[in-house]
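J.: So the chains spell out like this:
There are 2 protein chains.
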Amino acid sequence: MALIVQKFGGTSVKDRSRIYNVARIVADTRNAGNDVVVVVSAQGDTTDDLIEKAAEITSNPSAREMDMLLATGEQISIALLTMALNEIGCPAISLTGWQAGFKTDRAYTKARIHRMDTERLESELGRGRVVVCAGFQGINRMDDITTLGRGGSDTSAVAIAAALHADRCQIFTDVEGVYTADPRKIPNAKKLKEITFDEMLELASLGAQVLNNRSVELGKKYGVEMEVLSSLNPMPGTIVREVCKDMEGMLIKGVARDDDVAVISILEVPDRPGMSFKVFGSLAQKKINVDIILQSTGRNGNKDLTFTVPAKDAELAVACLKENSGRIGSSDIHVNRDVAKVSIVGAGMQSHAGVASTMFEALYEANINIMMISTSEIKISVILDKKDAEQAVRAIHSAFVH
Amino acid sequence: MALIVQKFGGTSVKDRSRIYNVARIVADTRNAGNDVVVVVSAQGDTTDDLIEKAAEITSNPSAREMDMLLATGEQISIALLTMALNEIGCPAISLTGWQAGFKTDRAYTKARIHRMDTERLESELGRGRVVVCAGFQGINRMDDITTLGRGGSDTSAVAIAAALHADRCQIFTDVEGVYTADPRKIPNAKKLKEITFDEMLELASLGAQVLNNRSVELGKKYGVEMEVLSSLNPMPGTIVREVCKDMEGMLIKGVARDDDVAVISILEVPDRPGMSFKVFGSLAQKKINVDIILQSTGRNGNKDLTFTVPAKDAELAVACLKENSGRIGSSDIHVNRDVAKVSIVGAGMQSHAGVASTMFEALYEANINIMMISTSEIKISVILDKKDAEQAVRAIHSAFVH
Chain A
5 MALIVQKFGG
15 TSVKDRSRIY
25 NVARIVADTR
35 NAGNDVVVVV
45 SAQGDTTDDL
55 IEKAAEITSN
65 PSAREMDMLL
75 ATGEQISIAL
85 LTMALNEIGC
95 PAISLTGWQA
105 GFKTDRAYTK
115 ARIHRMDTER
125 LESELGRGRV
135 VVCAGFQGIN
145 RMDDITTLGR
155 GGSDTSAVAI
165 AAALHADRCQ
175 IFTDVEGVYT
185 ADPRKIPNAK
195 KLKEITFDEM
205 LELASLGAQV
215 LNNRSVELGK
225 KYGVEMEVLS
235 SLNPMPGTIV
245 REVCKDMEGM
255 LIKGVARDDD
265 VAVISILEVP
275 DRPGMSFKVF
285 GSLAQKKINV
295 DIILQSTGRN
305 GNKDLTFTVP
315 AKDAELAVAC
325 LKENSGRIGS
335 SDIHVNRDVA
345 KVSIVGAGMQ
355 SHAGVASTMF
365 EALYEANINI
375 MMISTSEIKI
385 SVILDKKDAE
395 QAVRAIHSAF
405 VH
Chain B
5 MALIVQKFGG
15 TSVKDRSRIY
25 NVARIVADTR
35 NAGNDVVVVV
45 SAQGDTTDDL
55 IEKAAEITSN
65 PSAREMDMLL
75 ATGEQISIAL
85 LTMALNEIGC
95 PAISLTGWQA
105 GFKTDRAYTK
115 ARIHRMDTER
125 LESELGRGRV
135 VVCAGFQGIN
145 RMDDITTLGR
155 GGSDTSAVAI
165 AAALHADRCQ
175 IFTDVEGVYT
185 ADPRKIPNAK
195 KLKEITFDEM
205 LELASLGAQV
215 LNNRSVELGK
225 KYGVEMEVLS
235 SLNPMPGTIV
245 REVCKDMEGM
255 LIKGVARDDD
265 VAVISILEVP
275 DRPGMSFKVF
285 GSLAQKKINV
295 DIILQSTGRN
305 GNKDLTFTVP
315 AKDAELAVAC
325 LKENSGRIGS
335 SDIHVNRDVA
345 KVSIVGAGMQ
355 SHAGVASTMF
365 EALYEANINI
375 MMISTSEIKI
385 SVILDKKDAE
395 QAVRAIHSAF
405 VH
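The listed protein sequences correspond, in order, to chains A and B. So that you can map any letter, position 193 of the first sequence is 197 in our numbering, and since no number is skipped, the others follow by simple counting. So that you can map any letter, position 52 of the second sequence is 56 in our numbering, and since no number is skipped, the others follow by simple counting.
What the hints contain is simulated information worked out from the structure, not anything from laboratory work. Where a beta carbon is used, it is the ideal one built from N, C-alpha and C, also for glycine. It is possible that part of the hints are untrue.
To be verified - Computed list of lysine to any residue pairs in SDA-like fashion (alpha-carbon distance at most 20 angstroms, straight line): (1) B:K57 to A:G48; (2) B:K57 to A:N340; (3) B:K18 to A:M70; (4) A:K18 to B:E56; (5) A:K107 to B:M146; (6) B:K18 to A:A59; (7) A:K18 to B:E60; (8) B:K57 to A:L54; (9) A:K57 to B:R28; (10) A:K107 to B:D147; (11) A:K390 to A:H356; (12) B:K18 to A:E60; (13) A:K57 to B:D147; (14) A:K57 to B:K18; (15) B:K249 to B:V405; (16) B:K57 to A:R20; (17) A:K390 to A:N340; (18) B:K18 to A:K390; (19) A:K57 to B:T51; (20) A:K189 to A:V405; (21) B:K57 to A:D52; (22) B:K390 to B:D263; (23) B:K57 to A:R28; (24) B:K18 to A:K18.
To be verified - Chain A is faced by these chain B residues, among others (derived, beta-carbon under 10 angstroms): (25) N25; (26) E69; (27) T76; (28) Q79; (29) L320; (30) V322; (31) C324.
This is chain A alone, in the form it adopts within the complex (with noise of 0.2 angstroms):
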């Protein structure tokens, strides 16, 4: 006998037949011994409905009232999965968010989770109830209502596995698990047993969008093993764990692609000592996050700066770099947004010589020319044009998953 935690999505509860397809998973798992505690988000589009009832009366509404609203969602998700739960004879109780402990902080919109208050969750799973939990909510020091930001059901259930210390969380998605590359597009992308939560933490912010960064990070601190798994076709998934036995040795975890991203370039830099900290101290400023860096040698005592930022900041960081010229010293900057970031991920590289080589190689064979690298222990990551991207995706990935 276990404790496990489930999660389920708005589109896995969003209307009857996919609530009783939840109800199933759940009693079935029940039903084999463990004691289950779900954790669900808003049906379907009810988020994206509230959220247009709150534009209709304001186009600024004070963040704490949007909560009170969005925290409603998953409200209705809890009672109604309750209910098809006892429907189909399994015992089962729904707590919100704030009955179920969720501490928070009061950053409205997007509050973190400070504290769990076990007490009411402990107590219905040894009456021998399934806890059907509101995700996404919780409460914080003044008893009023918060919510965590997008994608935080994911974090309500890494946080209730972490205090109950459950036995796994499985995060229940409309994909069979964490695949080698996108599926949808290269045909022959592998499902893996296991991943690291470093790995994920790569992956998921390359853009492969399978687990919330928050609750993969949340999972990595607790030591939560986690499970991606569809609640459609209801096999094994894939592990998220701290370390991976790796039997199958395969060298990386996936290769992924980031549109979201921009090279920006400052000309003829003056080559003097504080000008890397007066530029990116500069965007720091404006919560501009830098990914890659690329500095020429200097030259005629100039030196040339390349960056990458994500795409949506762009046009904000030109503005800033250019308010700052003056103390640059160079206003000759340059955009460019056609770019694409491809990058495997794997823990297995950092002890196998040749895995840059047999990335570059592939590049190079399929005649894509490569603008940027970056390396770290668990990735590497490449800048090309942003036309290339697909056919280097399928390149790498051919080059490393037979």
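With chain A held as given, fit chain B onto it using these hints.
T.: Chain B in isolation, oriented as in the chain A frame:
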């Protein structure tokens, strides 16, 4: 400066324009120098939509989960109305039932308010904010959400007014006040300036559903001055209070018609002690309310027993009486559903002779036959053929309201 509680029903907040209409009424009241607590119901058809969602899942939902589901309706309203108040520059904050301190018993779907914890309410008022509370809902000792049943928002408003010793509790509806008769049917019906709690209770129980009876009972118990008025046509409405000045000298406060009535007759019941107890005791066990009772004088050791019950209970009453026909000593039972009750209500009548005879004269002149008569200190009711009821209301109204 006064403290005023204002309650708005579901149609008053059904869409953007109605929400802003309510916001302006509230802001005007605050700008006139008052503290304001607002109580709102769920928008328009929201409650019915939620009931429909539950019905898709099961025909027999748990009452606790039903309350969990339904409570979302008011939570949406309070957030939207608060956003609208903020948008027009009126500082406001929303509170759910549990945040506003409604402590109830555990009778899910029909809970009663035990206690109000007004700490949060008073603290928000102290900060100069309008407090927008969810009506219809509360929390029980297990920290579970309860609802007060249909019409519960009126009760919520009066409970807050009582707990905060508010100067007035305004119930905004789609009519401009309490009328001497249904103004849609009797064109010269007059709006009353004042009415007593007792008169209001009699009128409400007679089918003139302006205020929920529970709220009037609570208002009477705690001496909360109530006002019924229109949210679309803001002008003074009708005040409901313990004692009216009665400057108008109007003998009666209203003529009301109730079609939810059936007459049951048991013929030739043996004229023995305890017979009434056997008949009405068996009905009370089935929770059937008996209203008017008429007992013929005994003859040949038998008597006839005639009484009225709510129309919906007639079938159950007859089945119950037939089951007990052995003990009662008669199985000759007749039901007449083609009847209506027409009543006049007014505290004035008890000190004025001739009220009953004026009523009976009006019916005689309209050639309407009276089947049963019942009188109390502030009410005279007659049972008539249903087809005569509308003409009877007109005739009686003309005789009293000029």
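J.: Which numbered hints are broken by the structure, listed smallest first?
T.: 2, 11, 13, 18, 24, 25, 29, 30, 31
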